[in-house]
Amino acid sequence: MDLGVYVHVPFCERICPYCDFAVVRAPQLAREREDAFVAALLSECERRLPLFGATRLASLYLGGGTPSRLRADSVARVIERVRRAVPASDAALEVTLEVNPSTTERARLPAFREAGVNRLSIGLQSLDDATLKRLGRAHRAAEGRATFAAARSAGFDDVSVDLLFAAPGQSLAALDADLAAFAALAPQHVSAYALTLEAGTPFERAAHSGRLALPGDDEVAEMLERVALRLGAAGFARYEVSSFARPGFESRHNRRYWERRPVLGIGPGAWSSEPPRADAPFGARRANERDLDAWLARVAAGGEGASGPPEVLDEATARGEASFLALRTAAGLDARRFAAEFGAPPRAFYADAIDELVAAGLLDEGCGGSLRLTPRGFLLSDTVFARFV
Amino acid sequence: MSAPSGSAGSGSGPGTASHIRNFCIIAHVDHGKSTLADRLLDVTKALSSREKRAQFLDKMDLERERGITIKAQTARIYHRARDGKDYVLNLIDTPGHVDFSYEVSRALSACEGAVLVVDAAQGIEAQTLANTYLAVDADLELVPVLNKIDLPSAEPERVAREIEDILGLPASDVLHVSAKTGQGIEELIERIVERVPPPSGDPDAPLRALIFDSWFDPYVGVVLLVRVVDGRLAMKERIKLMARGSEHEVTDLDLIDPHPRSVGALEMGEVGIVIAGIKTLDDVRIGDTITLAQRPAPEPLPGFREVKPMVFAGLYPVDADEYGALKAALEKLRLNDASFRYEPETSAALGFGFRCGFLGFLHAEIIQERLEREYSLNLISTTPTVRYQVVQNTGETIEIDSPADLPDATRIERIEEPLILATIHVPADYLGAVLSLCQERRGVQRDMSVHGNRIQVRYLLPLAEVVADFHDRIKSATRGYGSFDYELAGYQPGDLVKLDVLVNGQPVDALSLIVHRDKAFQRGSDLVRKLKEFIPRQMYEVAIQAAVGSRVIARSTVKALRKNVTAKCYGGDISRKRKLLEKQKEGKKRMKRVGQVEIPQEAFLAALRLDTE
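Just so you know, the protein sequences line up as chains A and B, in that order.
Position 138 (the first sequence) corresponds to 138 in our numbering; numbering is contiguous.
Position 315 (the second sequence) corresponds to 315 in our numbering; numbering is contiguous.
Some hints here could point you the wrong way.
[Stated by the list, open to error] The following residues of chain B were derived to be distant from chain A, with all beta-carbon distances above 12 Å:
hint, residue
1, Asp86
2, Gly182
3, Ala243
4, Glu399
5, Leu431
6, Arg446
7, Phe534
8, Arg555
9, Ser556
10, Val565
11, Ser575
12, Arg576
[As the list claims (entries may be wrong)] Some chain A residues judged to face chain B by a derived CB distance under 8 Å, without partners named:
hint, residue
13, Ala194
14, Thr196
15, Tyr257
16, Ser381
[Said to hold, decoys possible] Residues from chain A that face chain B, not an exhaustive set, calculated with beta carbons under 10 Å:
hint, residue
17, Ala213
18, Asp217
19, Glu356
20, Arg376
Worth flagging that the hints you see were computed from the coordinates, not collected in a lab.
Computed from a predicted structure; not experimentally measured.
The beta-carbon is built from N, C-alpha and C at its ideal position, and this holds for glycine as well.
Starting from the given sequences, assemble the full structure and let the hints guide the process.
Structure representation (C-alpha cells):
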C-alpha cells in the first residue's frame, strides 16, 4: 500500500482575511519555537506512520499556513524522517512545498531544493497589485514574479501557482489580465479558486454587512468560464474542478484525495485518510487538534495529534464520497473501478439522478456507465454532487 | 327562598310549567355575558349550598365515574320570588360567535326570553344587534340590561337611550347591573320571573324535544342538550330523531343542577340532558326534534336545517411527517364539532393534506389555531374559498368549493357566489376607512344610520371577499373600535374567473384561485412577484406565469443557476464538503416539485399569506 503524507505548518506572517485554515500569526518565527514545532512533527510522524502499514511513499506535501517560513534545515529534517520511515524511489516521489512570495523565503529556495523539495506551489493569487491589496495579501505582484523567477533559477521545473479570483472589486477585465500574466509566467500547474466566503472570517463578516463589493453570481460564473477557457488555450488541461496542469504535471498528492487513497496528516489541523481496516472496511478519516498549543501538548504527552475518534465511513457514505470526489476530476467516475468497490456500477444506485443530470446537460454518461461532468456541469458541480451524497 | 329538594325538581309536578322560565343571555363579545352567567349561577349555588352539600358531595364521585362533563354554561337556577312562589330558571347558553348563527338561533328557540346585555361604557355593537334580531325572530321576550355599571367610564343614560333609539326598548325598562360586584343581580332574576313567559307547550301531546346543543363525552358518548317543547320524556323510552330518522333508547336523563342530576323524566318545558347511546356527533343534528318511537309527533319542530360548510381550505402539514398527527388531530376536533368537515386531499405542490369545510371564516381561523396551538402542528393553508354555484351550458348547476373542480370556462354559463349582509358598527372617525374597505371588497351599501358618535352601516358583500382577512382589516382600520357581524344573504352571479399560477407551464394546484375578473391582474402579479422572490435559481430557467384560462396576465423569470461550485476539496475538507452537499440535498428534499421545478415551502407560505401582508 502506498502513502501520501501531509504536513501542516500553521505559521503565517499575517492572516489573510478570507482564510479559515488552522493558522497562527507569527511575524517572526523564533528558532526555539520552530525547533520545538519540528520536533513535535517528527514525533507525531514516528508514532503514526507505522499504523498505516505503508510500503511505498508516493507523495509528501508541506502545506499551511506558510511552510516556507520554516528554515530549509527544518524542512530537510521532516523530509528525511518521512523518507527514512517509508521507502520511496527518488523518481516517483513528489515532494511539494507551499511557498509564500516574500523576500526571506525567496532566498531559501535553493536550500529547499537541496532538502529534497521537487515541486513548489507558490501563493501568487494575483499579479495585479490592486487585487492583491483588496485580498489583504502582504505581497505585491513584483514579489510574486521575483519568487517565481527565483524558483526557476533554483532549478524547480515543476512549479504550481495559485490563482484567486472573484476578489472584491475585481472585474472580468482584471481577471483577463491576470490570466494573461499567469500564462506568460508559464508554470506547470495552476490552482484556480474563486474566492469563497468561509464562516467566521473577516471577509464573511464584511460581506454579511454589505461592506464587501463582491462580483455577483452571474459575473463569477463568467469568470469561471473565462478561467477554464484561457488556461485551456494556454496549454493547461483542467484535470479537476480547480486544478489545471500541463500534461504530466498533475498534482500526485492532491489526486490521492479524489481517489480516496491513504494520506497521513501531521501537524495541527491536519486530516488523515486512513486505509480500510477490518473494523472500518471503507476507511476512516481523522482530524488533528486544530489549535497549535493543544496539538503540541497532545504530542508532547505522547499521544496522537488527533482529537476525538475517527470518522468511520459506512458503505453508503463511502459510495457518495467516491462519486463526488471522482466527479471532481476530468477523468470522472470510472464505472468499473466503482463497481469493483461497491458491487455494481453507479447507475445501480443513482439512476434517477443520472438521468436527470444527463437530461439537464450537466453530466455525460459513457458506455459502461462511467460518468463525467460536462463543461456546464463543472460550473454547477455542487448541484450534481448533491445528488450523489 | 329555598331550592326545591323534592323528587324531580320540576316543582309543581307534571303537566304544569308555570314555575319554569327558560332564558338565554345575548350580548356582544366582551360585554360580560359569561361573567353575568357565572354570577347568576353563583347566586343559586350560594343559596342552595348548605342544604345540598351532603347530597351533592355524595354524588360527586358518582358523577366523576359517569363522567358527564358540562360543556356549556347551561344550568338551573332556583329562586323564591317576591310573589312567594318557587321558580326554576333555566339559563341556556348560546355559542359565542358569528359563524354559528344557526346554532344560536336553535338555542334561542329553546327559550321564551333573552337577557340582552349591553356594556354600559361601550354601548351597542354589531353583535348586540345581530343577536337581538335573532331573538326577536325567535319571538323572545327581551330583558335589557346595562352591565359594567360600576365602571368609571360607564354612561348608563347615554347607552340606555341608544337601546331605546336603536332597538326600540324603553330606556326606563333597562336594568343596571354589575356582574362583577353583584349589583342588580337579584333585581334581574325577579325581572326574568316577571317578564319571561312560562313554557306554553302541550304536556299531553306526543313528545317534541328540541336538540339545541350536543357534545361528545368520552365516557358516555354523545350528550344531547334538549328543551322539551311538548309532551314528556321518560327513562328507557325509545326515541326517534326526526330529521335523521334514527332510533335510540334513553339511558339517562339529567337536570343540570348545576351538575348533572339523574331524573326519571323530563317534563314539558324542562331543559335537560339526554343520553341515548349515540356514538358520534355526526349522528346528531342541532335543531333536530326528538320524539317517541312508539308515539311519534306528526310534525317536527320548525326551523331545522342542515348546516353546510361555507368556507373551505386545504390544510397541509409543513412537515410531511406530521400528516398522521394532523389526521389524528382533525378526528379529535371533529368529535366535538360536527359542523367542521374534512376529507383527504392531495396536492402536487403541497403533498398530502385535507380539504376542510368550515361554517365561516372565523370558524376556520379557530380550528386552524386550535390545530396549531393544542396539537403543536405547523400548518400551511391554501387560500380559503367559498362554495360557488356553477351553471353550465347544459343548464345543469354544480356546486364547487375548490378551484380545482371548476369546469372549463367554455362550459360555464355563469358562476354564482354567496353573499353576506354585513353589519358594521364604527365610531364616526373611522367610517371612511371602513367604507373604502367595503368598496374595495366589492361591497354594495344597503343602509347607514347614525347614533350619536357611532354609525351602523350595512353592506352586501361577496363572502369570498371577507373570508381571508376582512375581520382583521375592520379591526385594524378602526383601531379595534369597530365591530362586525354578518348573515348569509343568498347567491348572486359574479364575473368570476379561475386564476392559475404556472411554473414552466405546469399549474401549481395549491395556488389556483377563483377571483373576480377585475382583481385577477393584481392578484396574479402579486403571486408571480412573491414566487420569484422565493424560488431559488436552479438548473433550468424557471418561467412563472399567472394565467386566466389560456391568457397569461403576469409573468416573471427566475434565471437558470449559473454556478454552484466549491473550489477546493482536499484532505479534511472532504468531510466538511460532504456535509455541505448533504445539507444542500436535504434542502432540496424539503422542496416541492412541480414538473422539473423545485419550489421551497416558504414560497407557498409567502404566496398564500399575501392577503395578510
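The hints, checked one at a time:
no.	hint	in the structure
1	Asp86	holds, 78 Å
2	Gly182	holds, 62 Å
3	Ala243	holds, 55 Å
4	Glu399	holds, 41 Å
5	Leu431	holds, 45 Å
6	Arg446	holds, 54 Å
7	Phe534	holds, 17 Å
8	Arg555	holds, 21 Å
9	Ser556	holds, 17 Å
10	Val565	violated, 5 Å
11	Ser575	violated, 6 Å
12	Arg576	violated, 10 Å
13	Ala194	holds, 6 Å
14	Thr196	holds, 6 Å
15	Tyr257	holds, 5 Å
16	Ser381	holds, 5 Å
17	Ala213	violated, 18 Å
18	Asp217	holds, 6 Å
19	Glu356	holds, 8 Å
20	Arg376	holds, 9 Å
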